[in-house]
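Going down the list, the protein sequences come from chains X and G.
Here my numbering is used: the first residue of the first sequence is 442, the next is one more, and so on.
Here my numbering is used: the first residue of the second sequence is 3, the next is one more, and so on.
The hints are simulated quantities; they were obtained by calculation from the structure and are not laboratory data.
Note that the structure is a prediction, hence the values are computed from the model and not measured.
Beta carbons are placed, not taken as given, at the ideal position from N, Cα and C, and that holds for glycine.
Be careful, since some hints might not be right.
What the hints assert, rightly or not - Now the in silico label distances, taken between C-beta atoms and shown as ranges:
(1) G:N262 to X:L553: 28 to 38 Å
(2) X:H591 to G:E114: 51 to 61 Å
(3) X:F625 to G:N262: 17 to 27 Å
(4) G:D284 to X:F610: 16 to 26 Å
Stated by the list, open to error - Here are the simulated DSS-like cross-link-like pairs (lysine-lysine), alpha carbons at most 30 Å apart as the crow flies:
(5) G:K237 to G:K49
(6) G:K237 to X:K546
(7) G:K49 to X:K537
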Amino acid sequence: MVIPETPGKVVAPLSTAPAVAGHTGGTFARMSKRGVAGSGSSDGDAGTAFWLMAPALALYAVFTLLPIAATFWLSFNGSAGFNTSASFVGFDNYAKAAQDPIVWKGLAHTFLWLAYHVVMAGGLGLLLALAVSRLRITQVFFRAAFFLPHLVSLAVVGVIWANIYDPFFGLMNTALTRIGLGAFTQGWLSDPALVLFSVNIASSWQGFGLYMLLFIAGLQNIDHSLYDAAEVDGANAFQKLIYVTLPGLREVTTFVVSLAMINGLKGFATVFVMTNGGPFYQSELITTYIYRLAFQSQDHGLAAVLCILLSLLAIAITIVFNRWRARLSQ
Amino acid sequence: MLKFLARTTALAAMIAVTLPAHAETLKMWGPEQITEPLVAQLWNGIKADFEKANPGVTIEFMPPTGTISNGAVQAAIQSDAGPDVILTNSGIGRISVVKNAKQVMPLTEQYEKRGWKDQIYPWLYTELKSQFGGEIYEVPDGLDALGIWYHKDVFDQAGWKIPATWAEFEALMKSIEATGLQPIAIGPRTTGSAGHLFGNLLQSASGKEVIGKALRREIAWDDPSVAAGAVRLQKLVEAGDIKKEMAGLDLDGASRLWFNKRAAMFVAGPWFTANARKAGYDLTNAGYAPMPSDIKGAAIPTGGVGWSWLVPVNSKQPELAMKWIDFTLSDAVMKKRAQDPASTMIYPREIPGVEPPTPVLKEIFAAAAGGVGYNPSVYLPGPVLDTYFQVIQGLISGQIGGEDGMKQIQAKMAEAK
Chain X
442 MVIPETPGKV
452 VAPLSTAPAV
462 AGHTGGTFAR
472 MSKRGVAGSG
482 SSDGDAGTAF
492 WLMAPALALY
502 AVFTLLPIAA
512 TFWLSFNGSA
522 GFNTSASFVG
532 FDNYAKAAQD
542 PIVWKGLAHT
552 FLWLAYHVVM
562 AGGLGLLLAL
572 AVSRLRITQV
582 FFRAAFFLPH
592 LVSLAVVGVI
602 WANIYDPFFG
612 LMNTALTRIG
622 LGAFTQGWLS
632 DPALVLFSVN
642 IASSWQGFGL
652 YMLLFIAGLQ
662 NIDHSLYDAA
672 EVDGANAFQK
682 LIYVTLPGLR
692 EVTTFVVSLA
702 MINGLKGFAT
712 VFVMTNGGPF
722 YQSELITTYI
732 YRLAFQSQDH
742 GLAAVLCILL
752 SLLAIAITIV
762 FNRWRARLSQ
Chain G
3 MLKFLARTTA
13 LAAMIAVTLP
23 AHAETLKMWG
33 PEQITEPLVA
43 QLWNGIKADF
53 EKANPGVTIE
63 FMPPTGTISN
73 GAVQAAIQSD
83 AGPDVILTNS
93 GIGRISVVKN
103 AKQVMPLTEQ
113 YEKRGWKDQI
123 YPWLYTELKS
133 QFGGEIYEVP
143 DGLDALGIWY
153 HKDVFDQAGW
163 KIPATWAEFE
173 ALMKSIEATG
183 LQPIAIGPRT
193 TGSAGHLFGN
203 LLQSASGKEV
213 IGKALRREIA
223 WDDPSVAAGA
233 VRLQKLVEAG
243 DIKKEMAGLD
253 LDGASRLWFN
263 KRAAMFVAGP
273 WFTANARKAG
283 YDLTNAGYAP
293 MPSDIKGAAI
303 PTGGVGWSWL
313 VPVNSKQPEL
323 AMKWIDFTLS
333 DAVMKKRAQD
343 PASTMIYPRE
353 IPGVEPPTPV
363 LKEIFAAAAG
373 GVGYNPSVYL
383 PGPVLDTYFQ
393 VIQGLISGQI
403 GGEDGMKQIQ
413 AKMAEAK
């Protein structure tokens with residue numbers, strides 16, 4: 442709480458405190474000065490700060506740090522299910538993971554899944570944002586309509602799309618047959634070459650609405666005078682898109698891509714519900730394999746190794762992406 | 003003052019007398035389908051009978067969120083706020099998971115002390131005793147008997163019948179396919195469903211003895227005598243008798259195909275009566291027969307222990323849990339369940355004079371009267387199961403051959419030693 446020392450005096454804002462400290466200002470200003478000078482009484486402030494942060498730190502420790510530590514511990518142990526008397530096995534689980542062909546398959550599928558998600562969900566979000574933002578009266582309706590799938594849980598989306606893909610009763614094959622395209626009917630969830638793509642469509646369908654809204658917000662921030670200037674220069678619609686709209690969406694695009702990548706890496710629910718990684722591992726992601734190892738095969742050690750691998754993957758992708766982003770903005 | 007104290011003491015004594023001496027709650031995980039009105043009616047009746055026989059005791063049902071196969075039972079026990087007694091899908095493969103995790107109590111002593119060993123089939127007791135070096139961790143509640151379900155009207159109209167030999171069965175599949183119907187529906191996205199058909203094919207091609215030996219690791223799974231069933235599945239897929247698209251179906255999708263009579267046959271157990279009832283299928287039209295086999299005596303359903311009672315090590319009411327199991331094994335409860343329209347299984351001992359509630363159950367009981375073969379899904383060790391189910395999916399989607407698939411299962415068996 443800020444209490445002026447002398448009634449009527451204006452308390453200096455924190456950002457300007459060093460400039461005015463010494464002859465005016467209130468608590469914030471003094472705290473700031475002490476912080477800069479590093480005087481002895483800052484111990485008390487640090488103590489207060491610690492106790493204020495303690496509840497959040499405790500929650501963070503219990504729900505984040507502790508599970509991370511437990512995952513590392515598990516990765517060096519051979520465990521039989523929930524048996525707490527696990528035995529130390531060193532790097533055996535890591536060696537096992539390196540030799541497991543399903544891990545490599547899952548890894549490859551995870552990258553493919555991520556790419557599909559960025560292109561399909563992110564791409565569709567951009568296209569729809571461009572289309573919807575041109576509407577005047579019906580924009581609110583379409584914005585809401587396209588965002589609606591995002592409110593549906595991924596598990597429910599999985600059930601809905603599994604029924605759509607049903608080879609005998611499903612909407613997809615029935616519709617294709619009805620419009621005379623029976624030759625294009627597929628085993629959407631049984632064809633090894635199609636299954637990951639098919640499931641990703643369901644996942645992207647749930648996700649594109651959010652990306653669309655972000656792109657619409659980005660479009661609204663583009664200075665309209667740039668379009669006027671482009672028009673004066675004789676730019677056509679395509680040129681305006683390439684030279685005004687897309688550069689104007691650069692910040693939003695990088696945000697959407699990073700969000701889509703994180704969401705892509707977290708891909709689990711739709712695959713779990715629709716195929717459980719099958720048929721014969723053709724839609725196996727690292728996440729679905731982790732689940733089956735941990736909760737079906739009870740191999741918690743190997744599952745923990747894969748959790749660590751997934752985390753490292755997420756960290757690596759984030760670093761590479763951020764560097765690329767920084768280079769781009771230079 | 004003395005008067006007040008005397009009155010208070012008397013009142014307290016009266017309350018103590020009128021209240022049950024020992025108010026206890028037994029948290030019970032299961033049964034499955036408790037949310038179905040017919041099932042709920044049966045179990046609420048059993049609960050009321052138990053509570054009446056044990057004043058002060060309340061049974062609290064915990065609707066199961068899953069099974070041992072998907073870790074739900076383990077998580078419930080681990081939470082330490084979980085059930086005192088559990089009814090769940092069992093079989094040695096699943097039980098070994100919770101046994102190895104030291105999550106369930108050994109019940110061997112109780113079999114002797116409470117006479118449970120005489121309340122189940124002798125062969126069943128022998129089998130249970132042979133599984134974990136003489137220690138028993140479950141009390142069987144129901145047995146499975148997986149075989150072919152077919153539509154009586156469709157078969158009658160076409161003049162079909164479930165034949166005796168494999169060659170005739172292949173010919174039947176061809177005839178069915180020629181009419182535009184799917185010969186067999188299967189939903190391998192649901193692992194159990196994949197295992198039901200595959201187990202039947204293994205039993206039909208190799209017989210009970212050989213599959214038993216493979217499960218006990220006395221023969222390798224890639225031995226031609228065991229792999230024959232997998233090769234049969236591969237050939238059925240190659241011939242188009244089982245469509246590759248089936249690999250994209252789950253149990254519900256495959257059942258829908260059968261209930262709508264777009265598929266002629268379906269491999270399932272007595273529990274399928276519950277699915278049929280839910281789908282509004284006329285159960286009097288359902289026929290049941292074991293998968294044909296050229297091996298003498300091998301045309302029998304597959305199965306084994308389907309559902310069992312378990313007592314978690316952290317049960318707050320272990321004694322009450324034992325009492326409850328005593329109660330469920332009693333003649334009165336067995337008869338009540340076996341005669342109830344919600345009945346969907348074979349009981350762990352013979353119940354004389356009980357008429358199964360549906361004709362198809364009568365057929366299943368008759369087919370299983372001479373014993374059942376092995377459904378590997380419930381006998382294989384946990385770490386092998388995932389590979390087993392994925393291989394079945396691989397066979398149905400045409401990604402792998404029978405021999406290669408069995409090699410993968412064998413490799414996993416060797417690893418799981």
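* Asked: K49 (chain G) and K537 (chain X): Cα distance at most 30 Å?
  -> Status violated; Cα separation ~49 Å.
* Mind checking the alpha carbons of K237 (chain G) and K546 (chain X) for me, to see if they're no more than 30 Å apart? => holds, 27 Å
* Cβ-Cβ distance between N262 (chain G) and L553 (chain X): within 28 to 38 Å? -> Taking Cβ atoms as reference, N262 (chain G) and L553 (chain X) lie about 36 Å apart, which means the hint holds.
* Assessment of proposed distance window 17 to 27 Å (beta carbons of F625 (chain X), N262 (chain G)) -> holds, 24 Å
* Asked: Is 16 to 26 Å right for how far apart the beta carbons of D284 (chain G) and F610 (chain X) are?
  -> holds, 20 Å
* For the range 51 to 61 Å, tell me whether the beta carbons of H591 (chain X) and E114 (chain G) fit it or not. => holds, 60 Å
* If you draw a straight line from the CA of K237 (chain G) to the CA of K49 (chain G), is it 30 Å or shorter? -> violated, 50 Å
The structure does not agree with the numbered hints 5 and 7 stated previously, though it agrees with the rest.
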